[in-house]
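S.K.: Letter by letter, the chains look like this.
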Amino acid sequence: MTEFTPFSSLFGGALIGLAAVLLMLFHGRIAGISGIISGILPPWVNKDELGWRIAFVIGLVLAPVFYQTLTGQSIKHVVSNDLGIMISAGLIVGLGVGLGSGCTSGHGVCGIPRLSMRSIIATITFMSFGIMTVYIIRHVIGG
Amino acid sequence: MMKIVFGLLSGLLFGFGLVVSGMSNPAKVLNFLDVFGTFDPSLIFVMGGAIIVVFIGYKLVLKRNTPIFNDAFQIPTRKDIDKRLLLGAGLFGIGWGIGGFCPGPAVTALLMGSEGILYFFPSLLIGLWASRVLKPKN
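Residue numbers (this note's numbering), protein chains in the order written: chain A, 1 to 143; chain B, 1 to 138.
Hints are computed from structural coordinates only; laboratory data are not their basis.
Small disclaimer: the values here were computed from a predicted structure and weren't measured.
For every residue, glycine included, the Cβ atom is placed at its ideal position computed from N, Cα and C.
Among these hints, one or two may not hold up.
Taking lysine to any residue and the SDA-like style, the derived pairs with C-alpha atoms no more than 25 Å apart in a straight line are [said to hold, decoys possible]: (1) B:Lys83 <-> A:Met117; (2) A:Lys76 <-> B:Ala27; (3) A:Lys47 <-> B:Met112; (4) B:Lys83 <-> A:Ile120; (5) B:Lys3 <-> A:Pro42; (6) B:Lys79 <-> A:Met117; (7) B:Lys59 <-> A:Pro42; (8) B:Lys3 <-> A:Leu22.
Which residues of chain A face chain B? A few of them, derived with a C-beta cut under 10 Å, are [what the hints assert, rightly or not]: (9) Glu3; (10) Ser8; (11) Trp52; (12) Gly96; (13) Gly98; (14) Ala122; (15) Met132; (16) Tyr135; (17) His139.
What the simulated footprint calls covered on chain A by chain B, stretch by stretch (three residues with Cβ under 8 Å from a Cβ of chain B suffice, anywhere in the stretch; the number is not a length) [said to hold, decoys possible]: (18) 16-25; (19) 32-39; (20) 60-69; (21) 80-94; (22) 109-116.
This is chain A alone, in the form it adopts within the complex (with noise of 0.2 Å):
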């Protein structure tokens, strides 16, 4: 069980929103991670991408550390070691973001809100195969 954080994650949802927003205000750029990571690996297509991107994937990396200095709270996080498990869900992760031209961010929090009908579709397949996927884990293999 996770406890159900309406107000804290409505909040949290706010900021990130803000980020994405300042990332097109300053940058003229959509905030999709999947998008800023894959621009970072090589071959690079543009380098005077690169550094920005570098930079936004520092502060993501930096951020739970300056939230821990800042707020003397912990962070809950657990997640799964098991080396089958989590190797394969990145590389399927990976893949499909690649494929699938975006993730959570980029199609979600960015796409959405632009009322752009291939972020709509894509939000609801991957929701829809992440709950089926749980589903079979939890309640049919693991039931």
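Put chain B on the given structure of chain A with help from the hints.
M.R.: Just chain B now, with coordinates in the frame of chain A:
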């Protein structure tokens, strides 16, 4: 230089939002996806908060002719629903359901000390890289 500084600040704020919202915890994400079990609807509120802010914010920002540090806005223009989009989104959903990580929270997890992220993150990069080989430029 300013592009780098503001890129870093956007990333920090984005990551802060992921932590505050609880989405940096894969267990919370998996419970959102577990609609018929230990359902935790928090992720809907995260999406809702983000979508409202981006909806209003993009409308305001895109009234400008250009962004502050670049010559032009880069907004996707494709409208076709092709097989790659559906296959990719479907695969992403499956991988998300297996590990509980999507790309953003996987990055914020890098210094959070779990063993799982050490397996997940390099695999994510390999998968992303492989998708480029499979996906012709368009």
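S.K.: Indicate, hint by hint, whether the structure satisfies it.
M.R.: Hint check results:
no.	hint	in the structure
1	B:Lys83 <-> A:Met117	14 Å, holds
2	A:Lys76 <-> B:Ala27	9 Å, holds
3	A:Lys47 <-> B:Met112	30 Å, violated
4	B:Lys83 <-> A:Ile120	15 Å, holds
5	B:Lys3 <-> A:Pro42	21 Å, holds
6	B:Lys79 <-> A:Met117	7 Å, holds
7	B:Lys59 <-> A:Pro42	34 Å, violated
8	B:Lys3 <-> A:Leu22	12 Å, holds
9	Glu3	8 Å, holds
10	Ser8	6 Å, holds
11	Trp52	3 Å, holds
12	Gly96	3 Å, holds
13	Gly98	2 Å, holds
14	Ala122	4 Å, holds
15	Met132	7 Å, holds
16	Tyr135	6 Å, holds
17	His139	6 Å, holds
18	16-25	holds (count 10)
19	32-39	holds (count 4)
20	60-69	holds (count 8)
21	80-94	holds (count 14)
22	109-116	holds (count 7)
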